[in-house]
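Novice: Following the hints, position chains B and C against chain A.
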Amino acid sequence: MLGVCYYPEHWPEAWWAKDARRMRDMGISFVRIGEFAWSRLEPKRGEFDFAWLDRAMDTLGAAGLKVVLGTPTATPPKWLMDEYPEIAPVDQHGRVRGFGSRRHYTFSSEVWWRESARIVEIIAKRYGEHPALDGWQTDNEYGCHDTTQSWGPEDLKAFRRWLRMRYQSTEQLNEAWGNVFWSMEVNSFEDVVLPNLTVTETNPAARLDFWRFQSQQVAAYDKMQCEIIRKHSPGRWITHNFMGFVNDFDHWKVGENLDLASWDSYPIGFVEKFPFSQEERNRWAETSHPDIAPFHHDLYRGVGRGRFWIMEQQPGPVNWAPWNPVPKPGMVRLWSWEALAHGAEVVSYFRWRQAPFAQEQMHAGLNLPGSDELSVGGREAEIVGRELIDTGALPATEQAPVAIVYDYETYWATVIQPQGRDFQYHDLAFRWYEAVRKLGLNVDFAPPGAALDGYKLVLVPSLMMVADAALHAFNAAEGIVLYGPRSGSRTRQFAIPENLPPGPLAKLTGARITQVSSLRPGLDDAVSGTVCGAAIRWREYLETDGEVLATFANGDPALTAKDGHHYLACWPDQALLRQTLTHLAAKAGLETVALPDHIRLRRRGGVTFAFNYGTEVWAIPAGANVILGETDVKPQAVTAWKE
Amino acid sequence: MLGVCYYPEHWPEAWWAKDARRMRDMGISFVRIGEFAWSRLEPKRGEFDFAWLDRAMDTLGAAGLKVVLGTPTATPPKWLMDEYPEIAPVDQHGRVRGFGSRRHYTFSSEVWWRESARIVEIIAKRYGEHPALDGWQTDNEYGCHDTTQSWGPEDLKAFRRWLRMRYQSTEQLNEAWGNVFWSMEVNSFEDVVLPNLTVTETNPAARLDFWRFQSQQVAAYDKMQCEIIRKHSPGRWITHNFMGFVNDFDHWKVGENLDLASWDSYPIGFVEKFPFSQEERNRWAETSHPDIAPFHHDLYRGVGRGRFWIMEQQPGPVNWAPWNPVPKPGMVRLWSWEALAHGAEVVSYFRWRQAPFAQEQMHAGLNLPGSDELSVGGREAEIVGRELIDTGALPATEQAPVAIVYDYETYWATVIQPQGRDFQYHDLAFRWYEAVRKLGLNVDFAPPGAALDGYKLVLVPSLMMVADAALHAFNAAEGIVLYGPRSGSRTRQFAIPENLPPGPLAKLTGARITQVSSLRPGLDDAVSGTVCGAAIRWREYLETDGEVLATFANGDPALTAKDGHHYLACWPDQALLRQTLTHLAAKAGLETVALPDHIRLRRRGGVTFAFNYGTEVWAIPAGANVILGETDVKPQAVTAWKE
Amino acid sequence: MLGVCYYPEHWPEAWWAKDARRMRDMGISFVRIGEFAWSRLEPKRGEFDFAWLDRAMDTLGAAGLKVVLGTPTATPPKWLMDEYPEIAPVDQHGRVRGFGSRRHYTFSSEVWWRESARIVEIIAKRYGEHPALDGWQTDNEYGCHDTTQSWGPEDLKAFRRWLRMRYQSTEQLNEAWGNVFWSMEVNSFEDVVLPNLTVTETNPAARLDFWRFQSQQVAAYDKMQCEIIRKHSPGRWITHNFMGFVNDFDHWKVGENLDLASWDSYPIGFVEKFPFSQEERNRWAETSHPDIAPFHHDLYRGVGRGRFWIMEQQPGPVNWAPWNPVPKPGMVRLWSWEALAHGAEVVSYFRWRQAPFAQEQMHAGLNLPGSDELSVGGREAEIVGRELIDTGALPATEQAPVAIVYDYETYWATVIQPQGRDFQYHDLAFRWYEAVRKLGLNVDFAPPGAALDGYKLVLVPSLMMVADAALHAFNAAEGIVLYGPRSGSRTRQFAIPENLPPGPLAKLTGARITQVSSLRPGLDDAVSGTVCGAAIRWREYLETDGEVLATFANGDPALTAKDGHHYLACWPDQALLRQTLTHLAAKAGLETVALPDHIRLRRRGGVTFAFNYGTEVWAIPAGANVILGETDVKPQAVTAWKE
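Protein sequences, first through last, are from chains A, B and C. For what it's worth, my numbering labels the leading residue of the first sequence as 213, then goes sequentially. For what it's worth, my numbering labels the leading residue of the second sequence as 213, then goes sequentially. For what it's worth, my numbering labels the leading residue of the third sequence as 213, then goes sequentially.
Here chain A stands alone, though its shape is the one from the complex (with noise of 0.2 Å):
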């Protein structure tokens, strides 16, 4: 099903029923709206204005549209700031974050939970049971531009109090973050300082404690939310639009509190912000890499326990990119189909018609700015539109026979220590997916302690703490599984095992760390047996009871096995990664295909897609039954067909 994102409140009202109809004329079912009103709907301190609104519901519903209503909490009104500044927040140099953009609040600041509660709730009881109500999104893109943390005084009356109910005791605290170093003892809670703008680097334990704190905090917020929602609103569902790479808290966490997860695929504006090297980001600059919106459907279909949407899909050029190309012709329908392959409920494009105002004015829509003709995208959208009538219902999304174990604590650590300054562990699991997805292989993703049951290769780029649940979970793994390095390196209070990295994971590994050592560009470390290439940026010194299947330059263990549990002592390069990969799905039992670069797969049930990105044709296996597009898969084309 389609979707768009709509402002009612940014064109005359003369012009919404024509758009509504305009919409559901080219396939769309679904309406975002609302999510930054809020100077609308109370332009004064108690003074609502909601009648425009209701006018807005009605016509949409009115046209057959289903609406989604968004909180309108991402754009706290000015009168409000003014009424409260400590709803600012303060970045880590110590300024304040004024209004005049969006998302200028503190997760910290209980007037604004008292703030946000009264908005929710006024909205909530309104439309909770209107006729053209579908669901509800929460607030708008959390953490998106840095916000997830604030440095102000809000955050640290907050933080200490949770830490309060944490440790019980300085003591404790002490012990825990090993303050005995450099004198870093406190004698109270009111002795605890933010983590920032000190002589020299904090201490990482209190960074990792200060970090959990905030993602908390987004999760509780997000949870106040929804709670009251429900109460008003019976049986519509919840969902957030995740933003794309945004790793700052914990998705899993505010995943649960929601009936299905949803996220803003910008697939070309995310090449510029990937870690990427500059060849690869004029490679995939027009189509975006194969990759990134595949991994995003993946992870927030794991987020939304099986249920996604695209809840912003880019539908041509974007705005916030320091480059923002147009994509080639035929890429926003790619886009459309690789979600809905991957499970989306829905692919709703935002927006509907380009603003010729304001910050997002070089923002593609799915109309011409300001005008009711249709821009390339929308003439795509639109094409999609037709094609989902023609295929119908696409049967439902299976457990794939690979989970990635994707643990946002490790990028948060990784973050604060990196120790090697290439060590980002986004890149990792990304990099880690990209080559599983090249053997052709459905992937799932799973937070560490979910039960990887039915999983034949469990892939866990990095799990730096792994607590008792992880720990389990792996124990009871049924499949072949893969720890890479920095795995098990940290308790739960980043100190060191006891008993050396992994940790928890030794026995079930056989392995232990002695010493790690970080590789700046040009080094590298030949590795060969079972499996060749090369370690680069990070090196692991192993010594195992297990089986060496691959070792480095000077003999030591790079890849060891035991009982099914392997673990990878280095970051691979490309050939190490394809080799262990390969050997490891030969291992579990999986057949794979060695895609080109620009080819990616995706079953859904027993329909199979294959998706173009690339110059050259690739001709899908012969004697298929084919439901879309053609056999021979043209640049930026989709091809699907039933087994």
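Quick caveat, the hints were computed from the structure, so don't treat them as lab data. Even glycine gets a Cβ: it sits at the ideal position worked out from N, Cα and C. If a hint is listed, it holds; no wrong ones were tucked in.
Derived EDC-like pairs (lysine to aspartate or glutamate); straight-line CA-CA distance at most 16 Å:
id, chain 1, residue 1, chain 2, residue 2
1, B, K337, B, E439
2, C, K540, A, D736
3, C, K435, C, E333
4, A, K256, B, D403
5, B, K256, C, E402
Chain A regions said to be covered by chain B (calculated; three or more residues, Cβ under 8 Å):
id, segment
6, 239-252
7, 291-302
8, 312-322
9, 488-494
10, 582-591
Specialist: Positioned in the frame of chain A, the structure of chains B and C alone reads:
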């Protein structure tokens, strides 16, 4: 004529008469003094010491020198900053920019205006009719060191006042800025905040208005000084010394206050400031790029409505660029003649004698530090002095066949919203200028809205906001016109025009832009047809009812024509730019010559000058009547001949 | 002898005796303790807990270890920071640098001096005559983390006091700083502001005075601690552990307070901090560059007037560089022997056992994290311990034939006024050291003004301010002297000398510099004559009445000589530097050997050591009497022989 900048307050009074005599002996006629001397003129509030300046003026006048007196407002003294701390500007991060260098004031401070008026009036009264006084310089290098904009409480107050005048009501302000977006609406002008220190980007319409406001303040402040001076100094002219590559305020507007323009020419220092490639920087490190100084000569001749000076000419290495090489022998002479060829009335060197102390001690002068011995540059200036006598008066400067429309608002708009990181207006304009100068053509600069009568070729590298006057001038243009990318792409209020770009130019050009693509370095789009090359950095998707002269790889129009009005829908690479301008110059009936990279020509009346910035000799046309230099123009040499 | 840094407060008391015994068993004689333990010694104001330190000292002493006790002033505890917030330093942008790491104090705070004196006195009294106590360390790594300079109100107050003492009157201050320039004159010492947060660059004379002031504070603060210690701890020596590559204060001056110098040797971490090319960084990533540690050994032997220790020797990978590779096998042993060859009395490893918690948990120790198992580095230290017994006492260190005059003020001056972005004094000095060491020569470092008797070759890479004492020493020098670029180019008050550079050196060298050119990367100027190569980065225009040994491309003098005093008028490339030093060494009658890049020699009395930092074997001269290692010096190996 030659001039020099002199600081009597830096040297023992016993040296003054000798200095003056030596100036005269080497052919210097003008001396600029006084522009940083406030603390010597008024050491404490109300305690004045004019005796030394009286004697200095008398001494210089007695030697036959004409004095240019600078108002000392670029350096408010410490006691004044202590009395009124609000004079100090505030940077974009909220930090006060304090005493200790220069330009430490914000144009928004009312106290500062009062104090400026006070000191200017006192000085104008005392010296306004001094027999040695020839003219005035207001302040020094407005905008230098990023001082056009300030972000403090004084600025906010003044900005709100300006907005109230401009918009009358918050309804109009909200509408103009599109404040409905992200709930940015204000209920009162007191709700407006400065467009900085926000969570993510600020409203571009607000930023453009803030920039306009600050630019207008510069012009109004300058006008205030001019009016006071004119009252007390009848018959004397007024100028301001603009700094090269400062685009933060509208120089056309300040020019309107002045009798003549002047600018500070540091050809080598600018090589490091301009967005050249490293290769270009190395190539031109010791000569400067052959179009840097000429670009400014032609621009400020326009700003001065035909009259301009070089107020500060680099006479050797400077101190403020990342690297400061010694110019190649001959360059100081070459630059001096080049300014004269472009119509400069006076070339004034900065400075008479290198200062052995303080911030600019590594800045060369005509004399070695603290000495009476000419530097290399001093000896070259001496040669120019003799040559000026030999050549006699040069013919008057005539209107050029080519006009470039240069617009400061477009510069601001592309800084505010680059959309592609390397879309920089001054770079684009410079490259167009360079390309047309390589064809051997003289160029004038015109502000948007100026009459374009008599120009055979009008170049508009980009003009984002096309006001009625500009549209009228284009309509009335008699020559061939070429508009570059983004022209007409915004309304006065930074909105996309209803009819899409090029908005007001749609009818003239026949064009409509539906999409734009910004291209990262390494990406391009081939162009072929009447002209060939490639689009880099920026590529527009254009529809036209005119003629298509060249197309992009996919057949879309790249260069179009309609009744002499051409539109180039991209940032052209060097080949495309050269071919386009060659083609249009021919169409305009202009005779061109394909000059080597290192040679430039300039005609002044019937005299043609050739300048050699390279390493290979260039021979002038046979049979010319040489009045300066040799027929073989050697490296770093200049030749002039009559036709 | 060997030592180790130990933190009894980090480990259970039950471990102490065993730790001490294991130290002794592996050949360790000294243990440094206590330097970060303030919060354990005085958990709250006036509540002391010395019992644990008493027991620790006793335990260590009982095992035969000698204790070095550190004063704990690098880590003022939280309660003290809360009592006196003004202790915290302020960064150059005006932000307070707060509690949470270390070195969070400004030397300008009077309260801080009082509190430092209080805790030092208490500790000195208690332990000054403890039988296990051998000596003292003051504070820890002055200046580390950019802590020499602070920019807060306390600093301004103290700076004004210092200026009043130095200049007596504002007339003298204004004259000295050239404050007439840009109206920077002050009417009172209360008018002086800190040289930061200005609109453009600040007065270089003011910055140099501010730097001197802060440097003198470091020395005075250290002296205060030393005087207290000496009063209460008769017969014990005092040192400070300097940090490598910290040039922000004058180490010669602090050295005057001390009985011996010590420094913290992190050869691999420094590879990332020093301005090497990426190619050099990769080449030396896992061994360090062969001159980094020796440069400091020779420097601190000078600072300690012949006596120095390595107080902290890197025993494996560290945690604080952008990348932290594991050293190649053998390097910990090689570094240890190299320090001894250069005259170190003790090599003390940092640290006994890797800490599993807090900021330095990724810093290797002699034992694995939290364990009693030796690390790779620990095992190499153990070998050194055995070898030390085998080789017996080494002969005394003798005066070297070559002296390098090393000057901190020149470093500050080139930071304040680089004039060419890559003119960095410590880089220049390092390259000269490297070049002379590649000739197989021993080197001593001397402060400017020290007697240069007995040196056959004196190298002065640059000495911007030449004081009378330095001039006198050069006059009296018996050997060949070589001065590098910018020598004598400034007066004490940062002015260009009246007679132009090299100012006071004009007579000795016969040189006069009229212009300087800074050359961006890619530009050079060929040099030929007695020596050949090229000028890069910096090139001076020199006149001389001496002999011209080599000239630039245009014939200007590049290397000149007058009665043994040579002047090199550029930053030499590698070839020019090598040829120049080879030529001068020959002139000085020194026998040199052209060593490969990866081999270095060092003579200690009659014993010669060879160190191999590369990948190819190097054979020592035939017939040598080897006392350590093998005649074929393998990669990462050391060989010593008697002549």
